[in-house]
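Engineer: Listed below, chain by chain, are the residues.
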Amino acid sequence: MGTTIRGKAYVLGDDIDTDQIIPAEFLSYNPSDPEERKYFGMYAMAGLPKGQLGLPAGDVRFVPEGEFKSEYTFVIGGKNFGCGSSREHAPLAIAEAGAQVVIAEFYARIFYRNCVNGGYLLPCESVERLVEKVKTGDELEVDIEAGTVTNHTQGETYQVKPLGDIKPIVDAGGVFAYAKANGMLSE
Amino acid sequence: MARPMTMTEKILAAHAGKTEVTPGENVWVDVDILMTHDVCGPGTIGIFKEKFGKDAKVWDNTRIPIIPDHYIFTAEDKCHRNIQILRDFVKEQGIKYYYDPDFLNTEAGSGMPNPYRDPNKTSYKGVCHKALPEEGHCRPGEIMLGTDSHTCTAGAFGQFSTGVGNTDAAFAMGTGKTWLKVPPTMKFTFHGDIPAYLTAKDLILAVIGRIGFSGATYKAMYFTGSGISSLTLEDRMTLTNMAIEAGGKNGICDVDEKTLEYVRARSNRPDWTVYTEDEGAEYDFEAEWDLGSFEPLVAAPHSPDNTKTARECSDVKLDRAYIGSCTGGKITDMIFAANILNGNQVKIPTFVVPGSTEVHSDMKRLGLNGEPVGPGDKCIEQILVDAGCMLGAASCAACLGGPQDTFGRLNEPMNCISTTNRNFPGRMGHKEAGVYLASPLTAAASALTGKVTDPREYVSEPIQTGTAGVC
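Those sequence lines, one after another, are chains A and B.
Quick note, the first sequence lines up with residues 1 to 187 if you use the working numbering.
Quick note, the second sequence lines up with residues 1001 to 1471 if you use the working numbering.
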């Protein structure tokens, strides 16, 4: 993963649970099948209730109807992002739609772990609450080494917390790559 | 001497080959049991094969129970196909503990399967978190991972158990290992005996209401005190089951004679260790309750921490009641509900789904007091059906919505009172449906009135559950 990532932001509220990210009715697709996997992109964020799709407007789809890819690179959340089930389909769906980074105040732990160990998304923790500062469609750029997020649309800069313990796994690209690099798994 | 430790810390230390661990420390541990099911199994198997090779063997085919339970009773071909993926993998790997829905034809276009005719005569079990202890996979002192957030249920047996994603499961499937951050422990003490009008569901809703549904994020939730000792193992499972609803990494209870009796009767391995909390162990948070001070609770839409008393919600009109799931579909839950519904008629459509085929079998075998029915007495199943309930086959069913044709799924906006565990928007189907989480007593009382109803209007004497759910 490069040290800077730039793209558009999609803004959500607090307590975005895995049923909102990818509703249970779509879990019959097999993520290990390349053709079926694409559908997780199509249905990413399909469980968001009315008024909560892309804040502050609340009526902006993450992925256009009938399409597989999102125009958004960043997902911005508030507290407790990714709570609920252990389904790895959640970070996978966001990544499959094309997003690369989630920035939230804090995460439910299984979602966070799945982001990191599966190498799907970079889960950043914001120092301040961004849900009311960033608007859906704003152009953001995260500098992972510097721990900063620049909002090119609003002309603001925000801080994100250091990755800490999980940095070696993020840098490796997931737990398998990390374990191989550290001699825990044979090549 | 090692620092005083909690049960969770001791289990993680032992499995990391260390004499002590400290909260916040990352450790690699040996896993005892890895469970997967039909929703996350195919993805896990895919990653396992991609990363370890198509001819790779699992680390231990006696320690990977595979329990299909989520999308069984649906006509959707992809769900049937996923069962076939499990069947093929089980055969290829020689997986010893697999609980096949043997009535299910996986050919495309085979439609809605006809359920088992006799719950005693099928290899199928139903909801994994209920089947795991029934089939002897839960033991004190062990580490269990499962590809389901409610894997924390097994902590009722004094073990460390937590939910993981497909990648972590695939890693453990090949290596028998995972990395874990040692969680700080929160201690919840309950004093006194549980009153007749409460179940463990009310206790855990109170806990989540108090700390918030992210209040235990990354933490262990330890439940103790005379109030917990007084609970059956099944009711303790209701407590630990919902640890995840406060964000908890795991929930855990002390091991006592009830635990040992259950595990000795069920376990297929003799080698396990009982850990206890050390005097002086450090807690991140402590709270105490006197069970006599409680009243029946619900969690109103759309969050498990939106706790209110049932009385406060007495004007909420309901369209449906649902009694089922790993949280509220055990045999003791069914006995609780049956004691209120016995001889009455439900006022709203009421769906009952046994948590497992063993629960279903016990519903046919046992009566209101949890003992086998005598001649002329009604069994639990008959009581519920006579009260007007619709009975489904053992499965996760509508707890998580699932495919559109799932039994009991909320396919339109409505209010439902449910003994399940989660009430986020869309959890049971429709995004605009409102789910009230409640105990089986409160759900049954509400089914009779069509409004959220305090079960004290229907129950005064303690409900006996006998040896139901134990032997």
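Keep in mind that the hints were calculated from the coordinates and are not lab data.
As the structure is a prediction and not an experimental result, all values here were calculated from the model.
One thing to keep in mind: the hints can contain errors.
[To be verified] Derived pair list, reagent style DSS-like, types lysine-lysine, alpha-carbon separation capped at 25 Å:
#1 A:K180 <-> B:K1051
#2 A:K79 <-> B:K1049
#3 B:K1049 <-> A:K161
#4 B:K1181 <-> A:K38
#5 A:K180 <-> B:K1181
Engineer: For a quick check of understanding: which of the numbered hints are violated here, in increasing order?
Structural biologist: The structure breaks hints 2, 3 and 4; every other hint is satisfied.
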